[in-house]
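> In my numbering, the protein residues as written are 1 to 754.
If you're looking for bench data, these hints aren't it; they were derived computationally from the structure.
Hints should not be assumed to be uniformly reliable.
What the hints assert, rightly or not - Below, simulated DSS-like cross-link-like pairs (lysine-lysine); rule was C-alpha separation at most 25 Å, straight line: (1) Lys487 - Lys451; (2) Lys485 - Lys451; (3) Lys466 - Lys521; (4) Lys214 - Lys86; (5) Lys605 - Lys451; (6) Lys345 - Lys367; (7) Lys604 - Lys548; (8) Lys214 - Lys106.
Said to hold, decoys possible - Derived Cβ-Cβ restraints for the label pairs, each shown as a range: (9) Glu444 - Gln674: 13 to 21 Å; (10) Glu301 - Trp586: 53 to 61 Å; (11) Val476 - Ser607: 35 to 43 Å.
All of these numbers come straight from a predicted model, not from anything done at the bench.
For each residue, glycine too, the CB sits at the ideal point set by N, CA and C.
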Amino acid sequence: MKLKKPWVIALLSFSFGLVFFFMTVFLFQLGENVVERHAPQVDAIMEMKVEISHAHIWLEEVISGDSDENIQFVWEHIAQAKWYNKALLSGAKDKDGNVYLALDKKYTSDVLQIYTDLQRMNVLAKKRLQQQSISQAGSNADQLFDTIIRELSSNINALEDSVLLEMKVENKQFHALGYLIILFTFLAVFAVAIIMFFLEKGKIQRIQLEINSKQNLKNQRDLLIKDAEIKSTELINSNRSLKYAQRLARIGNWDRNLETGVAHWSEEVFAIFGQRYQQETSFEIALDFIHPDDKSRVIKEVQESIEAGKACEVEYRVLHPNGEIRYIHSFAEITEWAKNNTPLKLTGVLQDITERKQFEIELAKSKEQAELATIIKSNFLANMSHEIRTPMNGIMGMTHLALKTNLNSQQRNFIQKAHQSAENLLGIINDILDYSKIESGKLELESVAFKLSDVISNAMNLVKFKAEESSIELNVKMEQTVPKKLKGDPLRLSQILINLISNAIKFSHSGGSISISISTKQLMGDDVDLHFCVSDSGIGMSQEQMDKLFHSFSQADASTTRQFGGTGLGLSISKQLAEMMNGEIWVNSTENEGSAFHFTVQLKKLSDEYDFEAEKPLDKTNVDNAINSLHGSQVLLVEDNDINQELVCELLNSSGITVLIANNGVEALEMLQQNDVDGVLMDCQMPVMDGYDATTKIRAQDKYKNLPVIAMTANAMKQDVEKVLAVGMNDHIAKPIDPDLVFITMAKWIKPSL
1 MKLKKPWVIA LLSFSFGLVF FFMTVFLFQL GENVVERHAP QVDAIMEMKV
51 EISHAHIWLE EVISGDSDEN IQFVWEHIAQ AKWYNKALLS GAKDKDGNVY
101 LALDKKYTSD VLQIYTDLQR MNVLAKKRLQ QQSISQAGSN ADQLFDTIIR
151 ELSSNINALE DSVLLEMKVE NKQFHALGYL IILFTFLAVF AVAIIMFFLE
201 KGKIQRIQLE INSKQNLKNQ RDLLIKDAEI KSTELINSNR SLKYAQRLAR
251 IGNWDRNLET GVAHWSEEVF AIFGQRYQQE TSFEIALDFI HPDDKSRVIK
301 EVQESIEAGK ACEVEYRVLH PNGEIRYIHS FAEITEWAKN NTPLKLTGVL
351 QDITERKQFE IELAKSKEQA ELATIIKSNF LANMSHEIRT PMNGIMGMTH
401 LALKTNLNSQ QRNFIQKAHQ SAENLLGIIN DILDYSKIES GKLELESVAF
451 KLSDVISNAM NLVKFKAEES SIELNVKMEQ TVPKKLKGDP LRLSQILINL
501 ISNAIKFSHS GGSISISIST KQLMGDDVDL HFCVSDSGIG MSQEQMDKLF
551 HSFSQADAST TRQFGGTGLG LSISKQLAEM MNGEIWVNST ENEGSAFHFT
601 VQLKKLSDEY DFEAEKPLDK TNVDNAINSL HGSQVLLVED NDINQELVCE
651 LLNSSGITVL IANNGVEALE MLQQNDVDGV LMDCQMPVMD GYDATTKIRA
701 QDKYKNLPVI AMTANAMKQD VEKVLAVGMN DHIAKPIDPD LVFITMAKWI
751 KPSL
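Could you put together the complete structure from these sequences and hints?
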């Protein structure tokens, strides 16, 4: 018995262990079957979700107008989703041999509801595809479509969660039963249980890993679906933003297949052409909208660009159905090439530039009108200058000659005042003409070498007589740092100085003094900024008077004009001349104490070694030398005005110069053939033949190539001087003539023949 019990126990233990073993194996096998039975069902649910998401994405791309060819994918994904739905309902086997078991009958209503939603999605998709764009489908359709998608997603997720929950519950139940058997038989079959535990432990772990793997796969698919939905929304919003931007900027994009000729335009392209939207069009249709006068040019430029493989940029006009003409700017380039390296696709943009083009046209018209107005004004100035200077020449010349005759004191006083009044009138006329030239932009500065001391000396010579009449002392102080030789416009610099000094004399008391100081403000390389100051001990000004001092036709007050005369242009002209020379002008003044006028100019500095021939000043010695050198010469005066003829003849004859007279250019040519002359004084504006044509014909003859021809004309503007030199004249004397300047200029060119 002692031997039997252990054997029985051993046998029982072995039997219990064997039973336990088979029961445990059986129970765990059932747990494994739970997973294997439900896993394909979970896969079917997930695949159905993926197919619905893909159908949604493809449908949105078709609706947004990206491509009509993707509609087939919409139907395929919906059909595949229906297949998985059917498999869940009644079971099925796919083409790869995968078997899908039907769900328990308790899920039948849920599966049928999903099928109904798929049918609704299918019907609504067809309706929405009939619209041209998402924006035209209306908010109700969008809400209904989104509602179906949410309901589908909600129902499928609920079904999936239920199946997974059932699978986990069944799995846990079988595991619990297995552990309970282990607990009851543990003491009897401890060794067997331990062995079985270790044998089954690996299977349990594999099952858990598989469950975890399935869960991870589900999570990944959910993330992919969510990402696809986000990108789909972003794409839709991007397309909408692009449409709005194109509409605001009046820019449209297009592409054209160069093999098939089929083209696609954005909605804005149709709007720019004044046409209704359509999905496909062609280059030929676009040509129908182009203005007939531009069509051949556009075809040529586009074709040449395609053949050369280069970008094409062209402007043209289009005709709208209502007859309106719009201007278009188009740019295109080849974006796709065939394997044989031939152009396959042309992509471009075009913009409605009508407003810009109209502005350019108006701007061109305005510019043309402004240029015409400038020409008219210039011609008016030239004619006015000529018409005013001609009689002024007679007045000033005759009074000059009269002052050389025997006059009693009363007669001399009258004629001197008439001559002085004529000089004042000429100064006013010159100011008005200078102001008009500055205002019209016709005044140009010269850039010539000069000595600053000569400019100061000439200016002082011109104003010293007025200063002496009022017993006003003139003092000049120049700093040692001021360069001696400069490059710029000495005439305009002198004009500013004369204006300021003349004003100082005019407004200073008798017995007063005027100081002129020149200093270097800044020196940088060859550029030098000079500072001039003209100060007086005159009547001074208030702040209110100074504020309006440099305005055109403006003086301190009305009483100033009555008491001292003047136009009020001198300071305005001086200000603009200083600014043209990169400087400025200003004044400091105290009433009843005096004023100090300051101005700066920027000039070029020349080295002291720089040599140039300066013009001789018009002093009595130089004039006398000029007259002596001309004594005995014979000149031809070409002049149509009787008074000017008489004036010049009297002036030259009194200095021992013989004068022959021609009334126009034709007579001048005839007299040159009959007489030998040492020089010609040529007027420019004459009847029959003017001085320009006459000089051209004179220079055409070899024997007259070196004959001095000097213009003596009322055409005194810069372009007039350039014109007389261009036709071959040697120099220019402006009317009204300055007798001393006439002799100096003639002596420079004319030498008496022996």
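> Would you mind marking each hint as holding or not holding in the structure?
Hints, one by one, checked against the model:
1. At roughly 9 Å between alpha-carbon atoms, Lys487 and Lys451 fall within 25 Å of each other, so this suggested pair holds.
2. A C-alpha spacing of about 5 Å is found between Lys485 and Lys451, which places the hinted pair at or below 25 Å, so the restraint holds.
3. Distance restraint check for Lys466 and Lys521: the Cα-Cα separation of roughly 30 Å exceeds the 25 Å cut-off, and the hinted pair is therefore not satisfied.
4. A distance of roughly 22 Å separates the Cα atoms of Lys214 and Lys86; the hinted pair therefore holds under the 25 Å criterion.
5. Simply put, Lys605 and Lys451 have alpha-carbon atoms about 10 Å apart, close enough for the 25 Å limit, and the pair holds.
6. About 43 Å separates the Cα atoms of Lys345 and Lys367, which puts this hinted pair outside 25 Å; it is violated.
7. Simply put, Lys604 and Lys548 have alpha-carbon atoms about 32 Å apart, too far for the 25 Å limit, and the pair is violated.
8. Distance check on the hinted pair: Lys214 and Lys106 sit about 24 Å apart at the alpha-carbon level, within 25 Å; holds.
9. Look at Glu444 against Gln674: about 42 Å separates their beta carbons, and that is not inside 13 to 21 Å.
10. For Glu301 and Trp586, the hinted distance range of 53 to 61 Å is satisfied, since their beta carbons lie about 59 Å from each other.
11. Checked against the hint of 35 to 43 Å, the pair Val476 and Ser607 fails, with Cβ atoms roughly 24 Å apart.
Checked against the numbered hints given earlier, the structure breaks hints 3, 6, 7, 9, 11 and satisfies all the rest.
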